[in-house]
Amino acid sequence: MNKIILYRKDHCPLCEEIESLIDLLELDFSIEREDVNIENDEQLLEKYMLEIPVLVVNGEELDYRNIDYFNLKKRLH
90 MNKIILYRKD
100 HCPLCEEIES
110 LIDLLELDFS
120 IEREDVNIEN
130 DEQLLEKYML
140 EIPVLVVNGE
150 ELDYRNIDYF
160 NLKKRLH
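Count along the sequence shown from 1, then add 89; that gives the number in my numbering.
Just to be clear, a hint being listed does not mean it is correct.
Stated by the list, open to error - Now the in silico label distances, taken between C-beta atoms and shown as ranges:
1) His166 / Glu123: 17 to 23 Å
2) Lys163 / Glu131: 29 to 35 Å
3) His100 / Arg122: 18 to 24 Å
4) Met138 / Glu106: 15 to 21 Å
5) Glu131 / Asn160: 26 to 32 Å
6) Leu139 / Asp117: 30 to 36 Å
7) Lys163 / Glu121: 15 to 21 Å
What the hints assert, rightly or not - In the SDA-like style, the derived pairs of lysine to any residue whose C-alpha atoms are separated by at most 25 Å in a straight line are:
8) Lys163 / Glu123
9) Lys162 / Ile120
10) Lys98 / Lys136
11) Lys162 / Glu121
12) Lys98 / Glu121
13) Lys163 / Gln132
14) Lys98 / Arg154
15) Lys136 / Glu105
Just so you know, the hints here were simulated from the structure itself, not pulled from any lab data. Each residue gets a CB set at the ideal place from its N, CA and C atoms; glycine is no exception.
Let the hints inform the model, and build the full structure from the sequences given.
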């Protein structure tokens, strides 16, 4: 089982795009997914404010610049 944590905030088009990408990957991979709204946690908001969306894929953190279908697919099993 793959574990993906998506750090996001509301009204974020990039976050919605990444959600769709994860939905697509779920067709081929077993994924346990957790969505975390950074606006609900002051420390996360400070850490990720300008860097979202951020994904943690099986323990490896990827910022929005490194998230694409092929980059994610090679990290999944």
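Each hint tested on the structure:
1. His166 / Glu123: 17 to 23 Å: This hint holds: roughly 18 Å between Cβ atoms.
2. Lys163 / Glu131: 29 to 35 Å: holds (34 Å)
3. His100 / Arg122: 18 to 24 Å: holds (20 Å)
4. Met138 / Glu106: 15 to 21 Å: holds (19 Å)
5. Glu131 / Asn160: 26 to 32 Å: holds (30 Å)
6. Leu139 / Asp117: 30 to 36 Å: About 32 Å separates the Cβ atoms of Leu139 and Asp117, which means 30 to 36 Å holds.
7. Lys163 / Glu121: 15 to 21 Å: holds (19 Å)
8. Lys163 / Glu123: Holds, because 20 Å separates the two Cα atoms, which is no more than 25 Å.
9. Lys162 / Ile120: holds (12 Å)
10. Lys98 / Lys136: holds (13 Å)
11. Lys162 / Glu121: It holds: about 15 Å lies between the C-alpha atoms, which stays within 25 Å.
12. Lys98 / Glu121: holds (19 Å)
13. Lys163 / Gln132: Not satisfied, since the Cα-Cα distance of roughly 30 Å exceeds 25 Å.
14. Lys98 / Arg154: Status holds; Cα separation ~17 Å.
15. Lys136 / Glu105: Since the Cα atoms of Lys136 and Glu105 sit roughly 20 Å apart, the hinted pair holds (cutoff 25 Å).
When the structure is compared with the earlier hints, a violation turns up for hint 13 alone.
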